[in-house]
Amino acid sequence: MNKIDKTDTLKKILADRRFTVDYYQREYRWGKHQVEQMLEDLTNTFRGFYDTGVHSTVQEVKDYGYYYMGSIICTSGQSQQIIDGQQRLTTLTLLLIYLNRLQSQATGIPGLPIHFDNMICTVDYGVPCFNLDMEERRDCLQALLNNDAQYIPEGESNQNIINRYGDIEELFPEELKGEALPYFIYWVTEKVLLLEIDTPSEDEAYTIFVTMNDRGLSLNSAEMMKAFVIQQVYEADRKQVNEAWQKNINQIKAASSQDKSGVTNAEDVEFISLWLRAKYAKTLRETKKGAVDRDYELLGDRFHTWVRAYARTGMGLEQSDDYKNLVLKEMAQVTGLYLRLTQYSKRLTTGFEAVYYNANRDLNYQNLLIIGAVGLQDSPEEVDRKIRLISTFVDIFASVRIFNYKKINWNTNKTVLFRILNQIRNQDSVSIGIYLTKMLRRMNEKLDGVMSFELNQYTGRYMLHLLARITDFVNVKMGYPSQFEHYIDRKSKTPYDVEHILPDDFETYRAYFHDEEDFQNNRRKFGNLLLLTQDKNRSYKDMPYDERVKCYLTDNILAQAMNEAAYQNHPHFLTLAERYPFQPFEVFQKEGIHARQELYHALAKDIWNVGLLKEIAGGWSDEEEELLQISTAGSNYTVEYAGRSWPDAVQYGFLSAAQGGSGKMLCNIAEGDRVFCHITGKGFVGVGICTQTATPMKNFQVMAEGELVLIQDAPWMEAECKAQCDPDDEWFIGVTWLRTVALDEGYWEKGLKTVPLVAYKVDGDTHARILRYFNIREK
Numbered sequence: 001m002n003k004i005d006k007t008d009t010l011k012k013i014l015a016d017r018r019f020t021v022d023y024y025q026r027e028y029r030w031g032k033h034q035v036e037q038m039l040e041d042l043t044n045t046f047r048g049f050y051d052t053g054v055h056s057t058v059q060e061v062k063d064y065g066y067y068y069m070g071s072i073i074c075t076s077g078q079s080q081q082i083i084d085g086q087q088r089l090t091t092l093t094l095l096l097i098y099l100n101r102l103q104s105q106a107t108g109i110p111g112l113p114i115h116f117d118n119m120i121c122t123v124d125y126g127v128p129c130f131n132l133d134m135e136e137r138r139d140c141l142q143a144l145l146n147n148d149a150q151y152i153p154e155g156e157s158n159q160n161i162i163n164r165y166g167d168i169e170e171l172f173p174e175e176l177k178g179e180a181l182p183y184f185i186y187w188v189t190e191k192v193l194l195l196e197i198d199t200p201s202e203d204e205a206y207t208i209f210v211t212m213n214d215r216g217l218s219l220n221s222a223e224m225m226k227a228f229v230i231q232q233v234y235e236a237d238r239k240q241v242n243e244a245w246q247k248n249i250n251q252i253k254a255a256s257s258q259d260k261s262g263v264t265n266a267e268d269v270e271f272i273s274l275w276l277r278a279k280y281a282k283t284l285r286e287t288k289k290g291a292v293d294r295d296y297e298l299l300g301d302r303f304h305t306w307v308r309a310y311a312r313t314g315m316g317l318e319q320s321d322d323y324k325n326l327v328l329k330e331m332a333q334v335t336g337l338y339l340r341l342t343q344y345s346k347r348l349t350t351g352f353e354a355v356y357y358n359a360n361r362d363l364n365y366q367n368l369l370i371i372g373a374v375g376l377q378d379s380p381e382e383v384d385r386k387i388r389l390i391s392t393f394v395d396i397f398a399s400v401r402i403f404n405y406k407k408i409n410w411n412t413n414k415t416v417l418f419r420i421l422n423q424i425r426n427q428d429s430v431s432i433g434i435y436l437t438k439m440l441r442r443m444n445e446k447l448d449g450v451m452s453f454e455l456n457q458y459t460g461r462y463m464l465h466l467l468a469r470i471t472d473f474v475n476v477k478m479g480y481p482s483q484f485e486h487y488i489d490r491k492s493k494t495p496y497d498v499e500h501i502l503p504d505d506f507e508t509y510r511a512y513f514h515d516e517e518d519f520q521n522n523r524r525k526f527g528n529l530l531l532l533t534q535d536k537n538r539s540y541k542d543m544p545y546d547e548r549v550k551c552y553l554t555d556n557i558l559a560q561a562m563n564e565a566a567y568q569n570h571p572h573f574l575t576l577a578e579r580y581p582f583q584p585f586e587v588f589q590k591e592g593i594h595a596r597q598e599l600y601h602a603l604a605k606d607i608w609n610v611g612l613l614k615e616i617a618g619g620w621s622d623e624e625e626e627l628l629q630i631s632t633a634g635s636n637y638t639v640e641y642a643g644r645s646w647p648d649a650v651q652y653g654f655l656s657a658a659q660g661g662s663g664k665m666l667c668n669i670a671e672g673d674r675v676f677c678h679i680t681g682k683g684f685v686g687v688g689i690c691t692q693t694a695t696p697m698k699n700f701q702v703m704a705e706g707e708l709v710l711i712q713d714a715p716w717m718e719a720e721c722k723a724q725c726d727p728d729d730e731w732f733i734g735v736t737w738l739r740t741v742a743l744d745e746g747y748w749e750k751g752l753k754t755v756p757l758v759a760y761k762v763d764g765d766t767h768a769r770i771l772r773y774f775n776i777r778e779k
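Heads up: the sequence shown at position 110 corresponds to 110 in UniProt numbering, and the numbers run straight through without jumps.
FYI, nobody ran anything at the bench for these hints, they're computed from the structure.
Be careful, since some hints might not be right.
What the hints assert, rightly or not - List of simulated lysine-lysine pairs, DSS-like, C-alpha gap at most 25 Å:
1) Lys491 <-> Lys32
2) Lys32 <-> Lys253
3) Lys406 <-> Lys446
4) Lys493 <-> Lys536
5) Lys491 <-> Lys541
6) Lys414 <-> Lys493
7) Lys550 <-> Lys590
8) Lys698 <-> Lys288
9) Lys407 <-> Lys346
10) Lys446 <-> Lys605
11) Lys406 <-> Lys177
12) Lys698 <-> Lys750
13) Lys62 <-> Lys11
14) Lys722 <-> Lys682
15) Lys664 <-> Lys614
16) Lys682 <-> Lys664
17) Lys750 <-> Lys682
18) Lys698 <-> Lys282
19) Lys406 <-> Lys288
20) Lys722 <-> Lys406
Sequences and hints are given; from them, build the entire structure.
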């Protein structure tokens with residue numbers, strides 16, 4: 001967009017400025033949802049201007065478009081008081097602090113560093129003064145500016161500021177941390193716009209604030225969609241439909257406990273957006289320059305426009321009864337389901353524990369997937385199975401990624417999660433279970449990551465949760481009630497903390513470690529951590545291991561297990577000790593930490609076991625799994641494979657093409673799409689599922705002789721074909737072959753269609769005939 005008249009850039013608004021906030025509105029209340037929405041809006045807009053492949057200097061940002069963030073209202077004068085807008089300005093300040101830290105850690109990136117410290121704070125006679133000048137926040141913001149991990153926040157606002165800064169750390173896209181970083185910094189500071197409204201007095205500022213917010217409120221997207229839907233219903237049914245709609249919305253609002261201070265009260269908009277995205281979004285915005293919003297984005301907070309445009313083609317609404325049933329049946333079902341998920345998210349519920357586990361880590365996309373999967377005809381038992389299946393999948397998916405230091409938020413994983421949404425939508429629980437099992441098995445990350453897992457800035461936000469899961473798993477296995485809610489309750493009078501078994505005393509344990517760095521590295525290991533109540537954690541702080549291990553006997557079972565006395569007269573525990581590698585430690589050092597890491601690994605393999613999905617779904621046969629693997633493939637593509645090695649394509653599971661001409665079309669094939677390999681003069685020689693999207697030869701890896709190697713380093717049966725491939729120009733897709741035949745057994749008959757392109761779609765009859773020939777049955 002072009003610059004809006006009378007607006008100012010973020011740099012002009014914040015640089016060398018100082019704002020105050022009155023005491024009665026000082027609490028910072030934005031939640032993760034608002035931070036995620038702001039970051040998504042900023043980064044998506046930026047990607048529309050920034051070309052990852054073609055850029056040379058940060059001066060190009062001058063020609064990028066603008067992004068308007070709304071208005072702020074403040075009093076005029078030397079020390080300006082913010083009347084409206086402190087939530088946004090606080091969050092933008094946190095983003096700037098984070099960007100400043102990113103650039104300080106970056107090396108070898110042209111265009112860095114960029115000076116924008118004066119947008120965060122200025123120095124007044126040696127004392128730093130932040131742009132939002134509130135005495136109670138200074139220590140907190142200074143700790144973030146100094147990257148002080150030891151800072152303990154005091155007060156609601158400061159704790160929330162720390163949490164939201166952590167959200168920015170988690171949600172900020174990885175691809176913007178490299179050479180794109182200076183471009184993004186310049187764009188945020190010079191191209192993000194705000195309208196500053198200055199008034200002579202505080203009273204006048206509030207008059208403007210009230211006028212803008214309390215008078216003449218326009219209809220929101222939910223109300224406009226309701227008006228459109230009711231308009232399409234026969235007049236005799238409108239009262240019933242209107243009452244049903246309002247009943248659903250009232251239930252949603254009544255169930256919402258999220259504090260939305262500082263943002264519009266919009267539970268109805270968020271709920272309907274979730275419902276429509278889950279049920280009807282089929283496309284997602286691409287992450288490249290010039291990409292436009294697709295279904296998922298358009299079904300955000302302006303969904304009423306999409307519904308008007310696609311009611312018939314995208315939602316199947318043609319007649320009055322279709323619109324009536326949309327409200328009376330589908331909306332009613334989704335409302336009930338949403339309310340159940342909200343309840344399960346707030347309290348640990350037997351049978352639906354995974355919903356609570358996911359909510360504890362803000363994995364709200366479980367609701368999207370569950371609502372998408374549940375169909376109108378599902379029995380109550382089937383609905384329960386789908387909730388358990390999908391929430392368990394999300395729990396395993398996220399936990400495995402955490403153990404491998406990978407982000408678990410929606411933005412980072414939206415491509416794969418959106419594909420999953422489209423594959424499981426309205427499917428039966430067995431089909432969903434098989435598909436999700438396949439997705440987990442195909443993850444690059446594995447639970448073996450537990451063996452190298454340790455406490456750091458990223459994992460710190462999840463460590464309490466993970467230790468609580470492991471501790472609770474052992475308790476429940478021993479026949480005791482779950483204590484998970486108590487373990488993670490930070491508002492309890494006796495909250496739990498993460499305990500380091502080895503005290504921070506290198507001199508005492510010097511003999512067991514190479515040096516102090518080795519000692520500290522091992523102290524951070526997962527195997528050196530357990531849960532203790534905060535009071536005990538602090539009282540044990542300086543206590544040597546041989547003394548604290550005696551105290552552990554009064555703590556949870558993972559702590560007790562460190563002491564030999566726990567293995568006497570404790571039959572419930574001894575049964576578990578035979579199954580898992582528990583052992584006591586008279587002396588605890590590096591080998592003991594590794595042994596505890598192995599124990600946690602063994603427990604994790606049962607807690608986050610992929611086999612749980614099959615159990616929840618009620619089981620399935622090998623034949624069902626094979627058939628579903630075929631039927632859940634995405635689009636069907638014919639791939640012309642000419643002048644290349646077919647035996648090696650079969651051996652290593654790939655197809656390839658040079659990127660000249662139509663070779664670029666290989667990039668259209670997505671993971672999960674079905675590929676039909678055709679070789680001119682030979683016919684169709686194989687059918688498979690794409691397991692890796694197009695990748696240059698120089699980066700494409702395969703398993704060769706039990707090891708993962710680059711395809712160009714793997715031994716080929718037809719080495720001359722490998723030699724003809726340009727590592728930069730030849731691109732490969734990974735393929736799991738369902739059926740293949742030798743070249744002289746290729747299938748061709750009259751009526752089959754091919755096109756002189758590398759990768760393309762043809763009419764369904766050609767592919768159906770090929771499937772029959774290869775004895776591959778559609779579901």
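Here is what the structure says about each hint:
1. The hinted pair formed by Lys491 and Lys32 meets the criterion: a straight-line CA distance of about 19 Å does not exceed 25 Å.
2. In summary, the hint linking Lys32 to Lys253 is supported, as the alpha carbons are separated by about 19 Å, within the 25 Å threshold.
3. For a cut-off of 25 Å, the pair hint linking Lys406 to Lys446 stands: about 11 Å separates their Cα positions.
4. Distance restraint check for Lys493 and Lys536: the Cα-Cα separation of roughly 13 Å lies within the 25 Å cut-off, and the hinted pair is therefore satisfied.
5. Taking the CA atoms of Lys491 and Lys541, the gap is near 22 Å; set against the 25 Å cutoff, the hint holds.
6. Restraint check: the Cα-Cα separation between Lys414 and Lys493 comes to about 38 Å, which exceeds 25 Å; the hinted pair is violated.
7. Restraint check: the Cα-Cα separation between Lys550 and Lys590 comes to about 20 Å, which is no more than 25 Å; the hinted pair holds.
8. With a CA separation close to 22 Å, the supplied pair Lys698 and Lys288 stays within the 25 Å bound.
9. Of the pairs offered as hints, the one joining Lys407 and Lys346 holds, with about 23 Å between alpha carbons and a cut-off of 25 Å not exceeded.
10. For the proposed pair Lys446 and Lys605, the alpha carbon gap of about 10 Å is at most 25 Å, so the pair holds.
11. Taking the CA atoms of Lys406 and Lys177, the gap is about 15 Å. The hint holds against a cut of 25 Å.
12. A threshold of 25 Å between alpha carbons decides the hint, and for Lys698 with Lys750 the separation of about 39 Å lies outside it, so the pair is violated.
13. Proximity of Lys62 to Lys11 is assessed by CA-CA distance (about 14 Å); at most 25 Å being required, the pair is judged to hold.
14. As the CA atoms of Lys722 and Lys682 are separated by approximately 21 Å, the hinted pair is consistent with the 25 Å bound.
15. A distance of roughly 39 Å separates the Cα atoms of Lys664 and Lys614; the hinted pair therefore is violated under the 25 Å criterion.
16. Note on Lys682 and Lys664: the hinted pairing holds, with a Cα-Cα distance of about 23 Å set against a maximum of 25 Å.
17. For the suggested pair Lys750 and Lys682, the alpha carbons sit about 14 Å apart, so the restraint of at most 25 Å is met.
18. About 33 Å separates the Cα atoms of Lys698 and Lys282, which puts this hinted pair outside 25 Å; it is violated.
19. Our distance criterion of 25 Å between C-alpha atoms is met by Lys406 and Lys288, whose separation comes to about 22 Å.
20. A C-alpha spacing of about 34 Å is found between Lys722 and Lys406, which places the hinted pair above 25 Å, so the restraint is violated.
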